[in-house]
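Visitor: Single-letter residue listing:
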Amino acid sequence: MELLKALCACHAPSGSERPLRDFLLHYIQTHVPKWKVQPTLVYGDEWQDNLMLVFGKPRTAVLAHMDSVGFTVRYQNQLVPIGGPEVKSGYTLVGQDALGPIECTLEVNEEGYLFYQFPRAIQRGTSLTFKPDFRETKSYVQSCYLDNRLGIYNALQLAETLEDGIIAFSTWEEHGGGSVPQIAKWMVETYGVRQALISDITWVTDGVFHGKGVVVSLRDRNIPRKVYLDKIIALATESGFPFQLEVEAHGSSDGRELHQSPYPIDWCFVGAPEDHVHSPDEKVHKADIKAMLGLYQYLMKHL
Amino acid sequence: MELLKALCACHAPSGSERPLRDFLLHYIQTHVPKWKVQPTLVYGDEWQDNLMLVFGKPRTAVLAHMDSVGFTVRYQNQLVPIGGPEVKSGYTLVGQDALGPIECTLEVNEEGYLFYQFPRAIQRGTSLTFKPDFRETKSYVQSCYLDNRLGIYNALQLAETLEDGIIAFSTWEEHGGGSVPQIAKWMVETYGVRQALISDITWVTDGVFHGKGVVVSLRDRNIPRKVYLDKIIALATESGFPFQLEVEAHGSSDGRELHQSPYPIDWCFVGAPEDHVHSPDEKVHKADIKAMLGLYQYLMKHL
Amino acid sequence: MELLKALCACHAPSGSERPLRDFLLHYIQTHVPKWKVQPTLVYGDEWQDNLMLVFGKPRTAVLAHMDSVGFTVRYQNQLVPIGGPEVKSGYTLVGQDALGPIECTLEVNEEGYLFYQFPRAIQRGTSLTFKPDFRETKSYVQSCYLDNRLGIYNALQLAETLEDGIIAFSTWEEHGGGSVPQIAKWMVETYGVRQALISDITWVTDGVFHGKGVVVSLRDRNIPRKVYLDKIIALATESGFPFQLEVEAHGSSDGRELHQSPYPIDWCFVGAPEDHVHSPDEKVHKADIKAMLGLYQYLMKHL
Numbered sequence: 074m075e076l077l078k079a080l081c082a083c084h085a086p087s088g089s090e091r092p093l094r095d096f097l098l099h100y101i102q103t104h105v106p107k108w109k110v111q112p113t114l115v116y117g118d119e120w121q122d123n124l125m126l127v128f129g130k131p132r133t134a135v136l137a138h139m140d141s142v143g144f145t146v147r148y149q150n151q152l153v154p155i156g157g158p159e160v161k162s163g164y165t166l167v168g169q170d171a172l173g174p175i176e177c178t179l180e181v182n183e184e185g186y187l188f189y190q191f192p193r194a195i196q197r198g199t200s201l202t203f204k205p206d207f208r209e210t211k212s213y214v215q216s217c218y219l220d221n222r223l224g225i226y227n228a229l230q231l232a233e234t235l236e237d238g239i240i241a242f243s244t245w246e247e248h249g250g251g252s253v254p255q256i257a258k259w260m261v262e263t264y265g266v267r268q269a270l271i272s273d274i275t276w277v278t279d280g281v282f283h284g285k286g287v288v289v290s291l292r293d294r295n296i297p298r299k300v301y302l303d304k305i306i307a308l309a310t311e312s313g314f315p316f317q318l319e320v321e322a323h324g325s326s327d328g329r330e331l332h333q334s335p336y337p338i339d340w341c342f343v344g345a346p347e348d349h350v351h352s353p354d355e356k357v358h359k360a361d362i363k364a365m366l367g368l369y370q371y372l373m374k375h376l
Numbered sequence: 074m075e076l077l078k079a080l081c082a083c084h085a086p087s088g089s090e091r092p093l094r095d096f097l098l099h100y101i102q103t104h105v106p107k108w109k110v111q112p113t114l115v116y117g118d119e120w121q122d123n124l125m126l127v128f129g130k131p132r133t134a135v136l137a138h139m140d141s142v143g144f145t146v147r148y149q150n151q152l153v154p155i156g157g158p159e160v161k162s163g164y165t166l167v168g169q170d171a172l173g174p175i176e177c178t179l180e181v182n183e184e185g186y187l188f189y190q191f192p193r194a195i196q197r198g199t200s201l202t203f204k205p206d207f208r209e210t211k212s213y214v215q216s217c218y219l220d221n222r223l224g225i226y227n228a229l230q231l232a233e234t235l236e237d238g239i240i241a242f243s244t245w246e247e248h249g250g251g252s253v254p255q256i257a258k259w260m261v262e263t264y265g266v267r268q269a270l271i272s273d274i275t276w277v278t279d280g281v282f283h284g285k286g287v288v289v290s291l292r293d294r295n296i297p298r299k300v301y302l303d304k305i306i307a308l309a310t311e312s313g314f315p316f317q318l319e320v321e322a323h324g325s326s327d328g329r330e331l332h333q334s335p336y337p338i339d340w341c342f343v344g345a346p347e348d349h350v351h352s353p354d355e356k357v358h359k360a361d362i363k364a365m366l367g368l369y370q371y372l373m374k375h376l
Numbered sequence: 074m075e076l077l078k079a080l081c082a083c084h085a086p087s088g089s090e091r092p093l094r095d096f097l098l099h100y101i102q103t104h105v106p107k108w109k110v111q112p113t114l115v116y117g118d119e120w121q122d123n124l125m126l127v128f129g130k131p132r133t134a135v136l137a138h139m140d141s142v143g144f145t146v147r148y149q150n151q152l153v154p155i156g157g158p159e160v161k162s163g164y165t166l167v168g169q170d171a172l173g174p175i176e177c178t179l180e181v182n183e184e185g186y187l188f189y190q191f192p193r194a195i196q197r198g199t200s201l202t203f204k205p206d207f208r209e210t211k212s213y214v215q216s217c218y219l220d221n222r223l224g225i226y227n228a229l230q231l232a233e234t235l236e237d238g239i240i241a242f243s244t245w246e247e248h249g250g251g252s253v254p255q256i257a258k259w260m261v262e263t264y265g266v267r268q269a270l271i272s273d274i275t276w277v278t279d280g281v282f283h284g285k286g287v288v289v290s291l292r293d294r295n296i297p298r299k300v301y302l303d304k305i306i307a308l309a310t311e312s313g314f315p316f317q318l319e320v321e322a323h324g325s326s327d328g329r330e331l332h333q334s335p336y337p338i339d340w341c342f343v344g345a346p347e348d349h350v351h352s353p354d355e356k357v358h359k360a361d362i363k364a365m366l367g368l369y370q371y372l373m374k375h376l
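Just so you know, the protein sequences line up as chains C, D and X, in that order.
Reading the first sequence from the start, the letters are residues 74 to 376 in my numbering.
Reading the second sequence from the start, the letters are residues 74 to 376 in my numbering.
Reading the third sequence from the start, the letters are residues 74 to 376 in my numbering.
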């Protein structure tokens with residue numbers, strides 16, 4: 074859980090993913106000798122802040138976004154949201170500008186506009202994120218940014234034994250996307266990979282519960298192809314790991330950009346459910362994290 | 074009209090187009106010997122559920138979407154719309170899950186939420202569509218899903234005598250698209266085709282009437298290039314077939330994805346107008362269907 | 074200022090950019106002998122109405138959209154907006170249909186619907202734009218369509234001394250885009266250019282003022298990559314030209330389509346601020362126009 078805790082504490086809202094990419098690069102370079110298969114690492118300026126790992130002869134890609142929701146400092150103490158953070162007066166936000174580290178307080182006025190309270194003006198364009206407060210009990214983990222540091226954690230655990238597949242750490246997911254189209258082009262044109270799993274976190278709802286297993290989402294704002302969903306459900310059933318089916322009208326993921334790309338990529342969102350979404354108190358059941366990893370290992374072998 | 078009736082009865086909401094693709098494949102393979110030119114058929118898993126026909130040396134592509142609006146079963150009797158279906162308590166919906174065929178009743182509550190009434194729970198993720206009820210009078214046809222089974226019907230009639238052109242049967246149009254980007258890439262890169270017509274159904278409005286001819290849409294949410302529209306209008310006038318001009322602020326079609334693609338494809342929506350859009354009672358005048366086919370035949374020859 | 078005045082008077086709403094493209098072609102062909110470097114001109118039907126200039130060995134592209142907001146004539150005196158024009162009863166609109174030139178009056182009813190007042194019916198699909206009324210004082214220029222004819226003017230001034238770079242005149246920006254994806258593909262695939270500047274006009278706000286310098290926008294609806302923004306701010310500071318930083322939640326530009334393209338293009342909006350946006354009375358401070366050109370010249374040399 075130390076890895077997850079460190080991931081959740083990394084300041085990397087949409088557009089500022091570089092620190093998390095560098096954290097991952099360092100982690101991977103340190104741990105890769107113990108992995109079953111040595112992946113090829115793909116990254117660099119011609120990839121902006123994306124990072125990809127290619128294992129063996131890939132048939133399926135796992136996408137996990139690095140960025141989190143947050144806030145951009147405007148002027149006159151105003152804040153502008155990055156993605157859709159939960160907002161409540163009193164939340165503590167952290168960041169850094171040229172004058173030093175920042176720990177300030179979020180204020181939401183009656184019309185819903187956002188401000189910060191801090192003894193000095195913060196430089197325009199500075200990004201702020203929730204102050205990390207990682208909590209763990211026997212059954213649960215709770216922290217800001219389990220969405221999607223848990224999806225990344227899952228991908229890193231999966232990497233340890235993965236034989237064939239792509240793991241792609243993407244950017245900008247919380248704020249309208251922008252990096253997945255390049256990943257889609259590359260995975261199809263270079264490797265012929267046309268199957269994808271979205272390693273991300275979804276919501277506890279009136280039909281999806283803590284501790285009942287990983288969620289296989291049959292649709293959100295976008296609708297995956299039935300032919301592919303049927304295959305995933307059959308394998309999930311076969312796998313023996315507990316899973317729940319979700320059907321949503323709204324919400325979206327890196328799957329949306331795969332869907333809209335000019336490549337015939339089938340995709341499905343598979344991830345643990347959480348409570349208190351996009352707040353400093355995101356909460357996930359440990360059994361669902363375990364089921365998530367188990368199902369990913371099974372799917373990557375049999376898809 | 075038997076063909077149109079069969080098309081309208083096919084269960085193929087967005088994401089579940091495979092049955093209609095298979096129906097079309099079978100129809101085409103049966104009828105193609107009588108067609109003037111033998112097209113190349115393009116389809117298969119690397120095309121998801123799309124199906125394309127290439128005739129002679131194509132200069133223009135006709136796009137007709139296969140999918141319809143519908144509903145996805147959630148839990149606790151809830152339904153989530155696929156695309157934008159007209160909803161009214163009492164509509165009969167049909168589908169199938171692992172437990173057998175389903176014929177249930179749509180219920181809309183006061184807040185606009187959707188439910189089904191059926192003696193048993195329907196499996197999560199099951200798709201439902203309006204129960205077919207095809208009606209024909211001397212002047213009109215009426216059925217669910219004339220949008221866009223009539224656009225497909227038009228394309229199949231056109232295919233009988235088409236010498237040069239592409240006909241593409243696309244997917245997901247009613248629910249945000251996703252398949253046209255691949256078709257755009259292919260038609261430009263493989264055939265250099267940069268002209269398109271959208272064979273789809275539009276609305277009867279306060280300026281567009283039943284029986285007054287096929288509609289040439291000068292804009293909807295997207296605005297085609299004037300240079301191309303001028304060409305279409307000149308040819309339509311020359312053709313002698315009755316047509317009406319439409320100007321809309323809203324609405325969209327497969328043209329949107331051609332427009333936004335990284336290829337310089339000019340496009341124009343050309344299709345018959347209907348009443349009672351996206352309901353079980355879509356209604357089109359037969360004279361407009363005839364004008365639609367006539368204008369397509371003329372445009373495909375002269376564009 | 075005669076050039077800017079002529080640009081502002083050109084009728085070229087989204088979809089009808091051909092007259093402005095032809096104006097620019099003629100202007101460029103006339104003036105190019107005096108330019109420092111002779112660019113390659115890229116245009117033609119396979120580019121729809123786009124026009125691109127390639128200077129030397131380009132590292133950075135400047136995008137300036139040609140189109141303006143406006144109105145499309147519907148039926149029964151109705152108008153449909155092109156993009157988001159400011160609307161007010163009494164504005165004078167101009168255009169042309171097959172029956173001759175049009176100068177009519179805009180009428181906005183209580184529900185916000187738009188109509189024209191003119192002695193005869195105007196043909197369906199005819200586009201109308203604000204009647205030009207170019208005004209100049211010692212400090213300000215004021216006219217319709219400074220957005221984005223000023224961005225084009227800036228690009229043309231820049232062209233005179235530009236040694237290495239791409240200038241792209243794009244289309245459809247005011248109405249959802251559509252032409253930038255092709256430009257993105259071409260600039261990366263043909264020239265390996267992955268840096269972009271958006272030469273466009275932004276808003277005077279409670280943190281951005283007339284006469285305080287060109288605006289470097291740190292975000293709008295989309296968030297550019299921090300790594301690139303940091304580079305731009307450092308160079309802008311170094312340049313000595315006055316500039317202001319903007320942070321917005323809304324608004325968009327050609328940058329959006331570069332962002333969403335399958336190419337790793339970094340982009341930043343750099344442009345003068347204006348008052349009375351999208352009205353016949355757009356107003357910009359001359360000092361900001363000067364700072365804009367100066368900063369572009371510096372950035373294109375040092376990026």
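These are computed hints drawn from the structure, not numbers from a lab.
Since this is a predicted model, take the numbers as computed values, not measurements.
One should not assume that every hint holds.
Identical copies go unnamed one by one, so any copy, or any two together, can satisfy a pair.
Said to hold, decoys possible - The list that follows gives simulated cross-link-like pairs (lysine to aspartate or glutamate, EDC-like), each with its CA atoms no further than 20 Å apart:
#1 Lys78 x Asp237
#2 Lys304 x Asp354
#3 Lys304 x Asp279
#4 Lys285 x Asp206
#5 Lys363 x Asp118
#6 Lys211 x Glu236
#7 Lys258 x Glu119
#8 Lys258 x Asp118
#9 Lys211 x Glu184
#10 Lys374 x Asp237
#11 Lys374 x Glu176
#12 Lys107 x Glu159
#13 Lys356 x Glu159
#14 Lys304 x Asp170
#15 Lys374 x Asp206
#16 Lys107 x Asp354
#17 Lys107 x Glu311
#18 Lys374 x Asp170
#19 Lys211 x Glu180
#20 Lys363 x Asp170
#21 Lys107 x Glu184
#22 Lys78 x Asp348
#23 Lys304 x Asp95
#24 Lys107 x Asp279
#25 Lys363 x Glu176
Visitor: Give a verdict on every hint.
Guide: Going through the hints against the structure:
{"no.": "1", "hint": "Lys78 x Asp237", "result": "neither (28 Å within a copy, 47 Å between copies)"}
{"no.": "2", "hint": "Lys304 x Asp354", "result": "neither (35 Å within a copy, 35 Å between copies)"}
{"no.": "3", "hint": "Lys304 x Asp279", "result": "neither (26 Å within a copy, 47 Å between copies)"}
{"no.": "4", "hint": "Lys285 x Asp206", "result": "neither (25 Å within a copy, 42 Å between copies)"}
{"no.": "5", "hint": "Lys363 x Asp118", "result": "neither (35 Å within a copy, 33 Å between copies)"}
{"no.": "6", "hint": "Lys211 x Glu236", "result": "neither (32 Å within a copy, 65 Å between copies)"}
{"no.": "7", "hint": "Lys258 x Glu119", "result": "both (14 Å within a copy, 14 Å between copies)"}
{"no.": "8", "hint": "Lys258 x Asp118", "result": "both (17 Å within a copy, 17 Å between copies)"}
{"no.": "9", "hint": "Lys211 x Glu184", "result": "neither (40 Å within a copy, 41 Å between copies)"}
{"no.": "10", "hint": "Lys374 x Asp237", "result": "within (8 Å within a copy, 45 Å between copies)"}
{"no.": "11", "hint": "Lys374 x Glu176", "result": "neither (45 Å within a copy, 39 Å between copies)"}
{"no.": "12", "hint": "Lys107 x Glu159", "result": "neither (39 Å within a copy, 57 Å between copies)"}
{"no.": "13", "hint": "Lys356 x Glu159", "result": "within (14 Å within a copy, 38 Å between copies)"}
{"no.": "14", "hint": "Lys304 x Asp170", "result": "between (49 Å within a copy, 15 Å between copies)"}
{"no.": "15", "hint": "Lys374 x Asp206", "result": "neither (36 Å within a copy, 46 Å between copies)"}
{"no.": "16", "hint": "Lys107 x Asp354", "result": "neither (33 Å within a copy, 63 Å between copies)"}
{"no.": "17", "hint": "Lys107 x Glu311", "result": "neither (29 Å within a copy, 47 Å between copies)"}
{"no.": "18", "hint": "Lys374 x Asp170", "result": "neither (45 Å within a copy, 28 Å between copies)"}
{"no.": "19", "hint": "Lys211 x Glu180", "result": "neither (34 Å within a copy, 43 Å between copies)"}
{"no.": "20", "hint": "Lys363 x Asp170", "result": "neither (38 Å within a copy, 30 Å between copies)"}
{"no.": "21", "hint": "Lys107 x Glu184", "result": "neither (53 Å within a copy, 56 Å between copies)"}
{"no.": "22", "hint": "Lys78 x Asp348", "result": "within (18 Å within a copy, 48 Å between copies)"}
{"no.": "23", "hint": "Lys304 x Asp95", "result": "between (36 Å within a copy, 19 Å between copies)"}
{"no.": "24", "hint": "Lys107 x Asp279", "result": "neither (41 Å within a copy, 56 Å between copies)"}
{"no.": "25", "hint": "Lys363 x Glu176", "result": "neither (34 Å within a copy, 39 Å between copies)"}
Checked against the numbered hints above, the structure violates hints 1, 2, 3, 4, 5, 6, 9, 11, 12, 15, 16, 17, 18, 19, 20, 21, 24 and 25; every other hint is satisfied.
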